[in-house]
Amino acid sequence: MSGHWDIGYVYTVHLDPVVPPFGKFYLLRVMLSKGCELDQMRYGCRIYNAQCSCGYGCKSEYRYDNNDDCKLALKGRRSDICSRSKPCLNEGSCSQISSEPGFKCRCEGTGFYGTYCETPCPRPDNTLFRGQFPYECVVI
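For the sequence shown, my numbering assigns the number 140 to the last residue and increments by one with no breaks.
Just so you know, the hints here were simulated from the structure itself, not pulled from any lab data.
Even for Gly, the Cβ is constructed at its ideal location relative to N, Cα and C.
Treat the hints loosely; a few may be bogus.
Stated by the list, open to error - Derived Cβ-Cβ restraints for the label pairs, each shown as a range:
(1) N67 - Q40: 36 to 46 Å
(2) Y56 - D125: 31 to 41 Å
(3) N67 - L89: 21 to 31 Å
(4) K75 - I140: 17 to 27 Å
(5) G131 - K71: 34 to 44 Å
(6) N49 - R130: 29 to 39 Å
(7) E37 - P120: 29 to 39 Å
(8) D125 - G102: 30 to 40 Å
To be verified - Simulated pairs of lysine-lysine, DSSO-like, Cα-Cα distance not exceeding 30 Å:
(9) K86 - K71
(10) K86 - K59
(11) K71 - K59
(12) K86 - K75
(13) K59 - K75
Model the full structure from these sequences, guided by the hints.
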């Protein structure tokens with residue numbers, strides 16, 4: 001499930017099955033990401049964590065028309081900056097995008113934010129932090 005809040009962010013809800021040794025349960029993840037204008041949204045596919053992932057999102061990220069186009073691009077990953085240089089730090093996830101610099105790091109859930117997931121998230125009790133709280137640091 002995904003949607004849009006009127007704060008310039010897109011949220012996506014994932015329900016992931018987890019099967020540890022003692023039984024099965026589900027993990028609910030809510031991810032916030034910078035949004036784009038409605039006319040820049042589309043259904044398409046993208047390369048995410050070395051796999052094709054299809055869904056609804058910004059044109060710059062969901063650059064492939066369908067899963068077959070994405071898989072063809074995945075075969076030619078030597079030109080993919082995510083697999084070639086691994087720019088995301090601190091366990092951030094890399095997505096190949098069409099706009100410069102050719103990748104976007106997803107830092108949600110890592111405790112870091114920034115272009116490369118390089119900056120530690122401010123602590124809620126940090127009274128010295130000024131500015132907008134980074135969406136990557138929101139824990140729900």
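Name the hints, by number, that the structure is in violation of. 1, 4
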